[in-house]
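Asker: Here is how the chains run, residue by residue.
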Amino acid sequence: QSVLTQPPSASGTTGQRVTISCSGTRSNIGRNTVSWYQHLPGTAPKLLIYRNNQRPSGVPDRFSGSTSGTSASLAISGLQSEDEADYSCAIWDDSLDGYVFGTGTKVTVL
Amino acid sequence: QVQLQESGPGLVKASETLSLSCTVSGGSISSYYWSWIRQPPGKGLEWIGYISYSGDSKYNRALKSRVTMSVDTSNKDVSLKLSSVTAADTAAYFCASSARIRDSSGWSIYFEYWGQGTLVTVSS
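Top to bottom, those sequences are chains S and F. Heads up: the first sequence runs through residues 1 to 110, numbered per the working numbering. Heads up: the second sequence runs through residues 1001 to 1124, numbered per the working numbering.
Hints were generated in silico from the structure; no laboratory data involved. Check before you lean on any hint, since a few could be wrong.
To be verified - List of simulated lysine-lysine pairs, DSSO-like, C-alpha gap at most 27 Å: (1) S:Lys106 to F:Lys1043; (2) F:Lys1076 to S:Lys46; (3) F:Lys1043 to F:Lys1081; (4) F:Lys1058 to S:Lys46; (5) S:Lys46 to S:Lys106; (6) F:Lys1058 to F:Lys1081; (7) F:Lys1064 to F:Lys1013; (8) F:Lys1064 to F:Lys1076; (9) F:Lys1013 to F:Lys1043; (10) F:Lys1058 to F:Lys1043; (11) F:Lys1043 to F:Lys1064; (12) F:Lys1043 to S:Lys46; (13) F:Lys1081 to F:Lys1064; (14) F:Lys1081 to S:Lys46; (15) F:Lys1081 to F:Lys1013.
None of the values given here were measured: they were computed from a predicted structure.
Work out the full structure: start from the sequences and follow the hints.
Answerer: This is the structure in structure tokens:
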């Protein structure tokens, strides 16, 4: 059971905006920075967002991250079919003295 | 660009030790911390631990008693050993480069480069 809670699923039609939440605690979000990963079955996860809202080179600006208090969000604007994947938040947890991943959200493009 | 390749047995017997290797190319092994992460079938990602080229390491508390990581800087190889495996250790295992920064924003740890992963099945 993860200390980072995400909704199990989210969906939208092509072109819509989808937001995924990541609920944490005072020992992780708000104390350290969040990263987000996209992963497809059988492939390596891909870093989408680091340090709460920074995008690595090559990640489209349709992906954006934000935090507020002990929660974080990943927004996908202009949803595309290739965005259909699993998304996980992740962060260092001071109480656990370890790194934790969120429960994961499966995004479906309708 | 950093490239990572995991290798090791795809089948391990219960109670034995799982041993995996991650070969680093295209970058300096001293530039990052190196993490192992796994994903059991149908479940989410789980961080196993990280290690630096100098041996500085941290493991997931839930696995700490069974995990050993090491770095061979001459061969640019990072290894994972997980002892006394059970069916619950069946997973895809990934190695990843870990940026590790501490500043006014707290700890920023994230995984920029990943290997393709290797599936390890624990058999009874």
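Asker: So which hints don't hold here, by number, going up?
Answerer: none
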